[in-house]
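Number of protein chains: 2
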Amino acid sequence: MIYVIGSGPGNKDFMTLEAIEAIKKCDTIVGYKTYINLIKDLIEDKELVENGMRQEKERCEMALKLSSEGKIVGLISGGDSGIYGMAGLVYELNSKLEKKEEIKIVCGVTSSISAASVLGAPIMHDFCQISLSDLMTDWKLIEKRISLAAEADFVIAIYNPRSKGRSEHLKRAFEIMGEYKSPSTPVGIVKNSGRDGQEMYIMEFKDMNFDICDMSTMVIVGNKESYIDDGKIITPRGYNI
Amino acid sequence: MIYVIGSGPGNKDFMTLEAIEAIKKCDTIVGYKTYINLIKDLIEDKELVENGMRQEKERCEMALKLSSEGKIVGLISGGDSGIYGMAGLVYELNSKLEKKEEIKIVCGVTSSISAASVLGAPIMHDFCQISLSDLMTDWKLIEKRISLAAEADFVIAIYNPRSKGRSEHLKRAFEIMGEYKSPSTPVGIVKNSGRDGQEMYIMEFKDMNFDICDMSTMVIVGNKESYIDDGKIITPRGYNI
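If you read the sequences in order, they're chains G and Y.
Each residue of the first sequence is one higher than the one before, starting from 1 at the first, in UniProt numbering.
Each residue of the second sequence is one higher than the one before, starting from 1 at the first, in UniProt numbering.
Wrong hints could be hidden among the right ones.
Since the list gives no way to pick one copy over another, a pair counts as held whenever it fits inside one copy or between any two copies.
What the hints assert, rightly or not - Taking lysine-lysine and the DSSO-like style, the derived pairs with C-alpha atoms no more than 27 angstroms apart in a straight line are:
#	residue 1	residue 2
1	Lys140	Lys224
2	Lys191	Lys104
3	Lys144	Lys224
4	Lys224	Lys104
5	Lys140	Lys164
6	Lys100	Lys224
7	Lys164	Lys25
8	Lys24	Lys40
Worth flagging that the hints you see were computed from the coordinates, not collected in a lab.
Only chain G is shown next, with the shape it has when bound in the complex:
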């Protein structure tokens, strides 16, 4: 039995009761070091299997192996496990096994939702989430999605905006969005959302500061109705007020 548990954006305050109860049921916790560290006090009495970044496949295989040995396994995934998380991969690997393991997804708060709550109410209406990581997705497809999302006037939440190896992708994304988003469109940036060292920046599209963004940053770009008021971004739902 594997619980695939979204641990939320930061420490245990952002986890659901269901997620905390699921952890209590587990014998063994499998996860990426950074996320495990954030919820350390919940898992003190558990067997721990931690590993590093980009070892997602090994992590899922380990969870499946431990489950096949009769362990109740908690596979920890930052944010929500179903959004750029571990849920898909563990199902994919399980589907190839002769003897399948039981899997239960325990949902969590994803980073865009957490960042939005820090910025005010920037989402509020139709929106989309796009990851700029081209490790596993063709960059041309990412560009196409950015362009069509901007044309559709979605609020756009950008995951994995900028890493050392991809320092120019975010700038390119803004060039593409700039064909549809006006220079005064509000942009919100949240670094380390829900964690120690949380930082928040609000600016207009034309003043976008790319240099403050890294892999622990969420960037949210408003729609045509969004505005900045009193240090917050507000996207109206459409109420007549």
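Starting from the known structure of chain G, fit chain Y onto it as the hints suggest.
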């Protein structure tokens, strides 16, 4: 002081610790009856101000008034308050006041995330959320967004898919998506996600069953890579397995 609290999709199991702690701090709880009922045991000792559907403005004004009188107010919003919820409206109304109230958004699990966890791992990659309610949004804009989102091959989560007054909107949305989504694209439907009476259906795009959808239903349409396996929808993230 107003805490705008996302109460998650169902009962308190899907609330975050932060949301539960925020409720404890409140003197008065303001909210829509249905959501208040779902978390009754958390608010037994609080002053309650409940009202009905479509009275969102009155609810926010009441929260602001009570806060101006010195009360600590918990404004309850189903799911996450920042996604089609109360967060934007209370900020909008507050910005018009001479003496502004302090507002803190307490995030929650939105319905698409909860429904996805029931369906397997249908989201997993770039996705968008679109509400089919045209009460406050021009239907032409909604159609445009559906078309561009399908062209971009986003996973698409449809909020408010069908009400008595809008029985044909969902069918029209599928006609539009059908220009880009193949007939075998997986579609997941979750009714009453996270609540008593939860129902889950998985089918191919060409077999879509519109009649089972209502306002308490979430519809999730996969992307080109999504597939159905062992009664779950899986959208691969792109790992080489």
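Evaluation of the provided hints:
1. Lys140 with Lys224: both (25 angstroms within a copy, 15 angstroms between copies)
2. Lys191 with Lys104: Answer is between; shortest inter-copy Cα gap is 18 angstroms, intra-copy 30 angstroms.
3. Lys144 with Lys224: Both, since 20 angstroms and 15 angstroms are each at most 27 angstroms.
4. Lys224 with Lys104: Cα proximity of lysine 224 and lysine 104: across copies only (24 angstroms, versus 39 angstroms in one copy).
5. Lys140 with Lys164: within (20 angstroms within a copy, 41 angstroms between copies)
6. Lys100 with Lys224: So lysine 100 and lysine 224 pass the 27 angstroms test across copies only (25 angstroms; inside, 48 angstroms).
7. Lys164 with Lys25: For lysine 164 and lysine 25, neither the intra-copy (39 angstroms) nor the inter-copy (43 angstroms) Cα distance is at most 27 angstroms.
8. Lys24 with Lys40: Classified as both; 13 angstroms inside a copy, 25 angstroms across copies.
Comparing the model with each earlier hint shows a violation of hint 7 alone; every other hint is respected.
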